[in-house]
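Chains Y and G, in that order, give the protein sequences. Note that our numbering has the first sequence beginning at 1, numbered continuously upward. Note that our numbering has the second sequence beginning at 1, numbered continuously upward.
In case anyone wonders, no lab produced these hints; they're calculated from the structure. Worth double-checking, as some hints may not be accurate.
The calculated DSSO-like cross-link candidates involving lysine-lysine, where the alpha carbons are at most 30 Å apart (straight line), are [to be verified]: (1) G:K22 - Y:K245; (2) G:K220 - G:K23; (3) Y:K237 - G:K79; (4) G:K90 - Y:K325; (5) Y:K347 - G:K23; (6) Y:K329 - G:K90; (7) Y:K231 - Y:K219; (8) Y:K325 - G:K157; (9) Y:K329 - G:K22; (10) Y:K245 - G:K23; (11) G:K23 - Y:K329; (12) Y:K325 - Y:K265; (13) Y:K265 - G:K189; (14) Y:K30 - Y:K67; (15) G:K260 - G:K189; (16) Y:K237 - G:K90; (17) G:K157 - Y:K321; (18) Y:K347 - Y:K265; (19) Y:K245 - G:K90; (20) G:K23 - Y:K325; (21) G:K22 - G:K79; (22) Y:K30 - Y:K180; (23) Y:K325 - G:K116; (24) G:K22 - Y:K347; (25) Y:K325 - Y:K347.
Taking CB as the label site, the calculated pair distances span [said to hold, decoys possible]: (26) Y:F345 - G:H224: 55 to 61 Å; (27) Y:N346 - G:A62: 29 to 35 Å; (28) G:S217 - Y:K329: 37 to 43 Å; (29) Y:D163 - G:E200: 33 to 39 Å; (30) Y:N346 - G:T253: 29 to 35 Å; (31) G:E200 - Y:E32: 49 to 55 Å.
Source: prediction; values computed, not measured. By construction, the Cβ of each residue, glycine as well, lies at the ideal position given by its N, Cα and C atoms.
One letter stands for each residue in the lines below.
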Amino acid sequence: MGGWGNTLSDQAYKNVYDDVQSKGGSVTAKAEERRQQGLGLHELVDPQGFGKIRISVGPRVKQKKGKLFKLTRGVGLLFEFLLDTTGSNRDRVAEAFIALPKTYKLLTKGNLPVAGRYDAQIINASFGDRRDQYILSRTQAEMDERIAEQMRYMNVEGQGWGDGAEDPQYGLFAAAYLTKTDVSRYGLKHYHFTATDDHGRELDLNNLVRVFGDDVFEKVAENGYDKITEKKLPKLKQVVADLQKNAHAFMFHILGNQRNTDYDKRVAEYWAEVYGAERVITITTAEYLAELQALVVGLTEGVITLETAEQYLVDEAELTKAQAKALVKQVAHIPLRAQADLPNFNKIPKAGDLFETKEDVWPVGSDDSKDDDDDEINWS
Amino acid sequence: MQTVIGPSGTNYEVQGIVGTTKKFRLRKTAAQSGGVLLLKVALSPEHNALLEREAYLLRSLADTAAELEIRYAAEHPGKLPLNNHFYFPKVVETLMVNDEGERKALILDFSAITEKIEDLVPIQFIVERENARIDPRTSAWILGKLLKMLVFTQDAKVELNGLSEGNIILHRVGHYVSLMNWSGATFSKNVVTGTPGAGEEIAAVTRAVQYALGADSNGKLPAHDDLVDAQYEDFLNHLATGNVVDAFEAHTTFYKLIRKLWPRGYHPFTVIPL
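All chains should be built: construct the whole structure from the sequences, respecting the hints.
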């Protein structure tokens, strides 16, 4: 469960990075070792581990004087990154690990942290193919060096299998139905990003149970989704629709890995149907995922605008103007200010606010207003 | 008379209302720096994001039009410029209006195609206010320019979502055709050549022109001396099906037809009472 501890400092990341290097340089060596030894997924990344439901809360610390609890860093805001690790995508976890300082900095530090008013927490997840030994790895929601450390246990089998689709649907299922966030209590949404170059598939009951365990439906019901049963599995489109009720969920469609433009087109159409075209971002390389994710968050939070986005990337991500321009164009179609325009956006508690209990939604002293086309011209 | 000041320090004198949508108000505006200006302001802050995207999209189109113009001039020396920038207003600047919440506004300049904002009228006015219809040769230059606009916008992967007779505006004397409201436009692959979306846009502009021609619900055109047979009517009906999914091909074929039917040369904007 996320919500406690420090943040991901440069030193904390470096400690993990140096340890990775000292042990041969493979980010997921620990996961490979466990698989070879028949130990299975580490509990920290096993979708069945730690009660299955991933929980993200902003830490509240009991004050030494008085009985109130202080929100130390702001409302917890979860960012989940679900990565395809099949075939040509096999290095995505390693790439994400290397990019983690940049990802974290763009979200929380610098002159314009796009999620600076929140306590940013990260879940990393990776998916493979149904024929893999382990289809899904999913870390806990963390905010410090544990983000990096848990990535080392993410299973990467890297097989292509060549069967015309991969299996992100279990990761999306977990995101939609086995996630609980602080920010949703205020009517705001967390962020979910998936990156893949191929189609997905519908949920399969046997694989769902293989990934999440026999009691998956009990857990899903415990989290408020009691209509999902083994007889009523949602279609992938419904899974994503349910995810989008609680998350600004986006699909990064990576072109070109299939080396076939017709295939890419079919994959693009597939994900546009599942997510809605405005939430599918087409990219030719995964090199700038950290920057693109920050852009999406910034535009959704209203921290940056399309007018300021290029300069933001030049200043904060140290890109050239040409690179910045190209990236902004890739995301210009997304729903702008989708978070900023939510009713309670300007009312959420901030760092330093005091609460009667750890569980209270609103701080002491706040009032109880818990709130939260076709556009034709009429000519004069 | 209200004055708003832009981030550039320019004072904009906001004048009469030109039109209103559910989300925006368009007001004639003047500035010492000149231009034929409209202030487009969100009616409430929830629509600010649409104006933000509109400004970005229009500026992006302006860059694309300028780049294309340079390439075209290099590849076709001596030919007339493409003038794709006529199809959309220039974004002068964006600003915030601070009464009734922080509302975004754009200053849009139409001086590329008109000296007076009043000279830009939507197709809708011809039928509904003037109780008239256009003649076939007038419709030809209007549709020709609309198809050329789609060649540009579809190549730029911009889906227009505003191809109605209330949004297609004309300068009758200058023979300019443009769109007034770009807030529904978005970057999208749905309209690239060969897609159903491309066909739908071609159909939409054709239907707007058929409406202005006084066509009935089956696309039958009123009799006119310039219509000696059904070729023109049939071609418009063909475009209106949405089955033609290549704007360049539609534009080329259209011009071949009208050059066969009618002499070249300037044909003044002509209407016939209904």
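Hint check, failures only: Numbers 2, 3, 14, 15, 16, 18, 19, 21, 23, 25 and 30 - these are the hints that the structure violates, sorted from lowest upward.
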